[in-house]
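Be aware that the sequence shown starts at 1, since it is given in full-length UniProt numbering, and climbs by one per residue.
Quick caveat, the hints were computed from the structure, so don't treat them as lab data.
Since we're looking at a predicted model, the values are computed, not measured.
Treat each hint with caution, since some may be false.
Calculated pairs, SDA-like style, for lysine to any residue (alpha carbon to alpha carbon, straight line, at most 25 Å) [claimed, not checked]: (1) 55 / 82; (2) 5 / 36; (3) 5 / 22; (4) 5 / 24; (5) 5 / 115; (6) 5 / 74; (7) 5 / 136; (8) 55 / 102; (9) 5 / 138; (10) 55 / 98; (11) 82 / 31; (12) 55 / 83.
Label pairs and their calculated CB-CB ranges [claimed, not checked]: (13) 10 / 99: 43 to 49 Å; (14) 10 / 89: 19 to 25 Å; (15) 65 / 29: 37 to 43 Å; (16) 140 / 85: 16 to 22 Å; (17) 93 / 125: 21 to 27 Å; (18) 31 / 87: 40 to 46 Å; (19) 85 / 133: 19 to 25 Å.
From the three backbone atoms N, C-alpha and C, an ideal C-beta is built for every residue, glycine too.
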Amino acid sequence: MLGAKGGTVFGNDIHAFYIGGAGYGMLEPVSIADSEDYTFVYGGLILGYAYQPEKLVHWKSECLLGAGNITILDDNRVKGDKNYGVLLGELYSGAEFNVTDFLQVGIGAFYRLSTEPDHEGISADDLSGPGISIDFEFGYFH
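Kindly produce the complete structure, drawing on both the sequences and the hints.
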């Protein structure tokens, strides 16, 4: 999956809080049967916290609450008219490195939890689960 997020940071040298939004989408469709492929996109509100953000390496965590959409593709892998919505939450924790005053690189782990879509070929377990994230963040952080 590939995505983008943005927001605003407020706090001090010890505690930084941030609020923003994010959106993610699959780079390639996934097959659920011989005749059906699907794509998945989701996004939502992000609330986050970073401890000692001025340090070279610091810890952060965030929570995403949002919604997603599953689109079933037709035989030619073209977007069809079958769409199924889900609600989801995602918890993330990781380390972040201050590379420059305007670039931070982060690596961490997350867990995504989804509601059950209304499609018999896809379950909440297919959309839920752990993952690893690598982030490149640009902006003014200090």
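Hint check results:
1. 55 / 82: violated, 48 Å
2. 5 / 36: With Cα atoms ~30 Å apart, residue 5 and residue 36 exceed 25 Å; violated.
3. 5 / 22: holds, 4 Å
4. 5 / 24: At roughly 9 Å apart (the allowed maximum being 25 Å), residue 24 and residue 5 satisfy the hint.
5. 5 / 115: Answer holds: residue 5 to residue 115 is near 22 Å, not above 25 Å.
6. 5 / 74: violated, 30 Å
7. 5 / 136: Measuring from Cα to Cα gives roughly 10 Å; hence the hint holds.
8. 55 / 102: holds, 14 Å
9. 5 / 138: holds, 10 Å
10. 55 / 98: holds, 7 Å
11. 82 / 31: holds, 15 Å
12. 55 / 83: violated, 45 Å
13. 10 / 99: 43 to 49 Å: Since the Cβ atoms of residue 10 and residue 99 sit about 22 Å apart, the hinted range of 43 to 49 Å is violated.
14. 10 / 89: 19 to 25 Å: Because 23 Å falls inside the window, the suggested range holds.
15. 65 / 29: 37 to 43 Å: violated, 26 Å
16. 140 / 85: 16 to 22 Å: For residue 140 and residue 85 the Cβ distance comes to about 36 Å; the hint is violated.
17. 93 / 125: 21 to 27 Å: About 22 Å separates the Cβ atoms of residue 93 and residue 125, which means 21 to 27 Å holds.
18. 31 / 87: 40 to 46 Å: Check failed, 25 Å falls outside 40 to 46 Å.
19. 85 / 133: 19 to 25 Å: For residue 85 and residue 133 the Cβ distance comes to about 24 Å; the hint holds.
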